[in-house]
Amino acid sequence: MTLIGQFRDWLINFMPEWAAYIVAFLVGVVAIIAFVLVMIIVFIYLERRLIGRFQVRLGPNRCGPEGIFQLIADSIKLLTKEDIVPAKGDFWVHFLAPIVTFAPALMVFAVVPFHKGVVLTDLDVGILYVVAISSISVVGIYMAGWGSNNKYSLIAALRAVAQAISYELPVVMAAVGVILIAGSLSLSKIVEAQTIPFFLLQPLGFFIFLLGSMAEINRSPFDLLEAESEIVTGYNMEYSGMKFGLLYLSEYGHTLAASCIITTLFLGGWQGPLLPPFLWFLIKVLLVFFVFLWVRSTVPRLRVDQLMAFAWKCLLPMALINLLLIGAQVLWFPKALPWGMMVVNFAVAGILILLWSRLFALGGGRVEV
Amino acid sequence: MALRTEPFVLNIGPQHPSSHGLFRLEVTLDGEVVTGLELVLGYLHRGIEKLAEGRTYIQNIPLTDRLDYLASMTNNFAYVLAVEKLAGIEVPERTEYLRVIMAELMRISSHLSFIGFLLNELGAYFTPLFYMFREREKILDLFEMVCGQRLTYNYMRIGGVSQDIPEEFLPAVKRFVAEMPRLVDEYEQLLSGNEILLARTKGVGILPRDKAINASASGPVLRASGVKWDIRKVDPYSVYDRFDFEVPVGSVGDVYDRYWVRVSEMRQSVRILEQALKQLPKGEVWTKVPGLLRPLRGEVYGHIEGPKGELGFYLVSDNSIAPYRFHIRPPALLNLTALKDMVVGWKLADAIVIFGSLDTVLGEVDR
Amino acid sequence: MLTDYGYVGLFLIIAILFAVSMPLLPLTLSLLGLVPKKPNPIKTSTYECGVETIGKTWVQFNFRYYFYALLFVVFDILIVFLFPWATKLKQLGAGAFVAVLAFLLILMVGYIYAWMKRVLEWK
Chain A
1 MTLIGQFRDW
11 LINFMPEWAA
21 YIVAFLVGVV
31 AIIAFVLVMI
41 IVFIYLERRL
51 IGRFQVRLGP
61 NRCGPEGIFQ
71 LIADSIKLLT
81 KEDIVPAKGD
91 FWVHFLAPIV
101 TFAPALMVFA
111 VVPFHKGVVL
121 TDLDVGILYV
131 VAISSISVVG
141 IYMAGWGSNN
151 KYSLIAALRA
161 VAQAISYELP
171 VVMAAVGVIL
181 IAGSLSLSKI
191 VEAQTIPFFL
201 LQPLGFFIFL
211 LGSMAEINRS
221 PFDLLEAESE
231 IVTGYNMEYS
241 GMKFGLLYLS
251 EYGHTLAASC
261 IITTLFLGGW
271 QGPLLPPFLW
281 FLIKVLLVFF
291 VFLWVRSTVP
301 RLRVDQLMAF
311 AWKCLLPMAL
321 INLLLIGAQV
331 LWFPKALPWG
341 MMVVNFAVAG
351 ILILLWSRLF
361 ALGGGRVEV
Chain B
1 MALRTEPFVL
11 NIGPQHPSSH
21 GLFRLEVTLD
31 GEVVTGLELV
41 LGYLHRGIEK
51 LAEGRTYIQN
61 IPLTDRLDYL
71 ASMTNNFAYV
81 LAVEKLAGIE
91 VPERTEYLRV
101 IMAELMRISS
111 HLSFIGFLLN
121 ELGAYFTPLF
131 YMFREREKIL
141 DLFEMVCGQR
151 LTYNYMRIGG
161 VSQDIPEEFL
171 PAVKRFVAEM
181 PRLVDEYEQL
191 LSGNEILLAR
201 TKGVGILPRD
211 KAINASASGP
221 VLRASGVKWD
231 IRKVDPYSVY
241 DRFDFEVPVG
251 SVGDVYDRYW
261 VRVSEMRQSV
271 RILEQALKQL
281 PKGEVWTKVP
291 GLLRPLRGEV
301 YGHIEGPKGE
311 LGFYLVSDNS
321 IAPYRFHIRP
331 PALLNLTALK
341 DMVVGWKLAD
351 AIVIFGSLDT
361 VLGEVDR
Chain C
1 MLTDYGYVGL
11 FLIIAILFAV
21 SMPLLPLTLS
31 LLGLVPKKPN
41 PIKTSTYECG
51 VETIGKTWVQ
61 FNFRYYFYAL
71 LFVVFDILIV
81 FLFPWATKLK
91 QLGAGAFVAV
101 LAFLLILMVG
111 YIYAWMKRVL
121 EWK
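Protein chains in written order, with the working numbering: chain A, 1 to 369; chain B, 1 to 367; chain C, 1 to 123.
Bear in mind the hints are in silico, worked out from the structure with no lab data behind them.
Any given hint could turn out to be false.
Computed list of lysine to aspartate or glutamate pairs in EDC-like fashion (alpha-carbon distance at most 16 Å, straight line) [as the list claims (entries may be wrong)]: (1) Lys56/C with Glu167/B; (2) Lys282/B with Glu167/B; (3) Lys313/A with Glu121/C; (4) Lys88/C with Asp83/A.
Just a sample of chain C residues kept apart from chain B, beta carbon distances all over 12 Å, derived [as the list claims (entries may be wrong)]: (5) Val8; (6) Phe18; (7) Leu24; (8) Leu25; (9) Leu29; (10) Tyr47; (11) Val51; (12) Ile54; (13) Gly55; (14) Val59; (15) Phe72; (16) Leu78; (17) Gln91; (18) Ala96.
Please read all numbers here as calculations on a predicted model, not as lab measurements.
Ideal Cβ positions, reconstructed from N, Cα and C, are used throughout, including at glycine.
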């Protein structure tokens with residue numbers, strides 16, 4: 001029984017059933033939206049400050065103590081900015097794109113367990129829902145790129161599709177590895193199954209999922225859609241004002257969603273000693289986000305054909321091997337020996353990564369014209 | 001499977017984050033692949049060559065600062081060398097050494113910003129750039145000590161330099177020279193082995209040896225293609241024949257080689273600096289030269305190895321106070337002419353990187 | 001059970017409303033005169049580094065990953081089958097494992113064939 005469910009049952013004492021249903025839901029939704037917005041603000045602030053640190057500079061520090069009000073200033077600016085719609089663009093596609101991009105980012109949080117029982121709805125098909133919903137935002141990005149009638153945006157839009165069709169597969173296959181061990185699609189049950197966090201039990205799956213998520217949310221080194229040195233900022237170039245703000249929010253919303261999902265699937269969700277569970281959840285989410293940031297400020301960007309080759313020639317075969325390995329282990333590996341499984345899987349992951357890094361070079365790519 | 005597709009034309013520049021100034025690449029794309037390329041130059045044309053014909057020889061020195069604004073010192077150097085050759089002026093030895101020190105510092109600074117910008121174009125989100133600029137700042141501080149300027153130095157004069165170095169300069173430059181090799185090692189450790197950097201640069205944008213020579217490329221671009229051609233060695237000017245240094249040469253001529261050659265050149269520059277600081281003599285920094293210099297009728301071509309390549313000045317004198325003809329051989333422009341050969345067939349993202357690997361500064365290209 | 005999905009449906013409505021309200025917020029502010037609205041032909045023209053666009057933008061774009069997309073569809077179907085299999089593998093036992101292995105092997109043949117035919121590269 002989730003917390004929302006208990007709340008609903010308690011409310012039924014005071015009001016008709018349908019009203020209790022809706023009131024309980026609204027309370028949950030407001031809490032989730034508040035959580036998402038606050039976390040996005042924290043993320044943006046951390047990103048700016050930490051990337052400043054990574055880049056031997058200070059980062060924004062003028063508005064308020066340590067620059068914490070910078071984002072408020074930015075949002076006031078975005079709110080009062082003129083909304084410019086390109087004359088040649090498709091008005092409706094241009095208008096709808098940010099909405100289609102942002103809504104899925106929010107929708108993912110319906111199934112994310114923040115604490116034992118603290119989840120809006122504990123769907124039986126949690127992972128499937130997350131995978132299905134989060135891939136919709138690509139449509140939004142494609143709409144943004146296409147509706148702007150801008151060549152850079154168009155290139156960005158097609159790169160978004162390339163990224164989506166490449167990284168969907170390894171990500172989902174890595175998630176299937178998790179399902180194999182947990183024996184359930186529900187995110188809450190997966191968290192409960194993690195007496196040992198799954199990134200220890202299947203490190204290869206964790207790396208694949210992490211890299212794939214980075215690509216799916218378009219973080220560096222897979223940030224081809226907004227490669228500012230090539231296509232200026234890609235899909236959001238013709239946006240201004242709050243529409244741009246929404247695209248920006250959805251970018252971080254997806255990052256937050258990906259961090260939450262990685263935390264839930266591989267890092268043991270809310271579980272942890274001593275500290276309260278919700279705090280553990282936050283710490284893990286911020287840790288994942290920090291890894292994203294770290295990678296972003298360190299490595300250069302892949303090229304689009306290398307990006308696809310990386311997904312199809314490296315991640316996909318590895319994900320398949322991981323899947324079969326975990327499947328075999330679930331069936332035949334003695335249950336009493338999780339630590340043995342850990343050692344075996346770490347060894348396999350190390351060997352496979354070494355092998356692939358030796359066998360495949362992502363170079364080349366010249367096309368005869 | 002043949003789908004009907006249409007190529008489309010994309011303008012990169014003049015207002016583009018990677019256009020290194022005001023510059024336009026008119027790229028024909030088939031999908032993401034570049035099938036055609038046209039350079040549109042002249043957005044930054046200021047008519048420096050014509051302006052210079054109306055000004056005295058000394059007044060022209062500040063104009064040269066505005067050519068390659070990331071390496072003003074070497075521009076000064078090339079110009080004063082040409083004028084001194086034209087007028088037959090000997091400069092004191094201390095001046096020669098000071099000029100070499102400044103030129104090599106400038107080379108390090110220019111290469112640092114090259115690496116930073118190249119990595120930025122590869123998509124490393126400014127981090128390498130800021131690290132490179134941290135070191136570049138130190139060099140700019142040194143220049144500020146010497147001449148009070150940080151971008152357009154106007155330091156070298158015909159027959160000398162504008163002023164002797166202040167006493168705090170030498171310890172500061174020695175400190176810099178002492179720590180620089182370690183920093184170059186650090187950068188190499190961070191960047192040169194990076195898998196993504198290798199994937200993006202190895203084998204990309206190859207400029208074969210013969211094409212490089214045909215295009216009259218020079219500097220690191222030429223040397224990356226495997227031609228051992230460094231003006232400091234083949235036609236030593238100033239006191240470069242007194243120093244022991246090597247000329248790093250690439251093998252393939254791809255973007256990585258151009259990057260590697262520049263990194264190696266920074267090490268060699270540090271070597272030259274070490275030797276120059278050791279040998280720096282005491283004495284005057286200035287020969288008596290009339291303010292309104294009237295060189296005898298004649299013509300001269302003076303060239304040096306600038307950070308971007310062979311920077312030359314062709315001067316014709318008609319015995320008046322201003323040059324009759326003032327022509328610049330800008331290395332960046334001539335290197336740029338080979339761009340089309342390198343870019344066609346590669347992706348849009350590569351086109352940007354290949355353009356970046358030429359280390360173009362538009363102030364010099366458009367003049 | 002059904003309440004769970006009801007919540008998802010309601011959440012969809014709320015998410016869309018929330019997302020729509022964001023771009024509409026400046027519209028209400030513009031009634032107060034805080035947000036300017038002065039379009040002109042230059043301002044609403046397409047950004048392309050400061051010069052006019054040459055030719056049309058909505059072309060038949062050569063996106064070059066047609067074969068990837070075909071393979072993607074095949075593997076996506078595989079994944080749909082994997083979900084129920086993965087959930088109940090412990091109960092189903094070795095037979096199910098072998099079945100999926102066979103299924104995978106058949107797909108692998110196609111995948112390796114595609115790889116060897118070099119369609120996993122941009123041409």
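Against the structure, the hints come out as follows:
1. A threshold of 16 Å between alpha carbons decides the hint, and for Lys56/C with Glu167/B the separation of about 63 Å lies outside it, so the pair is violated.
2. Simply put, Lys282/B and Glu167/B have alpha-carbon atoms about 12 Å apart, close enough for the 16 Å limit, and the pair holds.
3. In summary, the hint linking Lys313/A to Glu121/C is supported, as the alpha carbons are separated by about 10 Å, within the 16 Å threshold.
4. Among the hinted pairs, Lys88/C with Asp83/A is inconsistent with the structure: their alpha-carbon atoms are about 52 Å apart, more than 16 Å.
5. At the 12 Å boundary, the C-beta of Val8/C stays outside the reach of chain B, the nearest C-beta of that chain being 36 Å off.
6. Non-interface status of Phe18/C relative to chain B is upheld: no Cβ of that chain comes within 12 Å, the nearest being about 30 Å off.
7. Remark: the non-interface label on Leu24/C is consistent with the geometry, its nearest Cβ contact in chain B lying 31 Å away (cut-off 12 Å).
8. Non-interface call for Leu25/C relative to chain B: holds, since the shortest CB-CB distance, roughly 30 Å, exceeds 12 Å.
9. The beta carbon of Leu29/C is kept farther than 12 Å from every beta carbon of chain B, the shortest such distance being approximately 30 Å.
10. Not every CB of chain B is more than 12 Å from the CB of Tyr47/C (nearest about 8 Å), against its label as outside the interface.
11. Non-interface status of Val51/C relative to chain B is broken: a Cβ of that chain comes within 12 Å, the nearest being about 5 Å off.
12. Listed as outside the interface, Ile54/C is inconsistent with that label: its C-beta sits roughly 4 Å from the nearest C-beta of chain B, within the 12 Å cut-off.
13. Interface exclusion of Gly55/C from chain B breaks down, the closest Cβ pair being 5 Å apart, not more than 12 Å.
14. Once the 12 Å rule is applied to beta carbons, Val59/C is inconsistent with being away from chain B; the minimum gap is 4 Å.
15. The non-interface label for Phe72/C is consistent with chain B: the shortest C-beta to C-beta separation is roughly 16 Å, beyond 12 Å.
16. Distance to chain B confirms Leu78/C as a non-interface residue, since its nearest Cβ pair spans about 23 Å, more than 12 Å.
17. Non-interface call for Gln91/C relative to chain B: holds, since the shortest CB-CB distance, roughly 43 Å, exceeds 12 Å.
18. The beta carbon of Ala96/C sits about 37 Å from the closest Cβ of chain B, which is more than 12 Å, so the claim that it is off the interface holds.
When the structure is compared with the earlier hints, violations turn up for hints 1, 4, 10, 11, 12, 13 and 14 and for no others.
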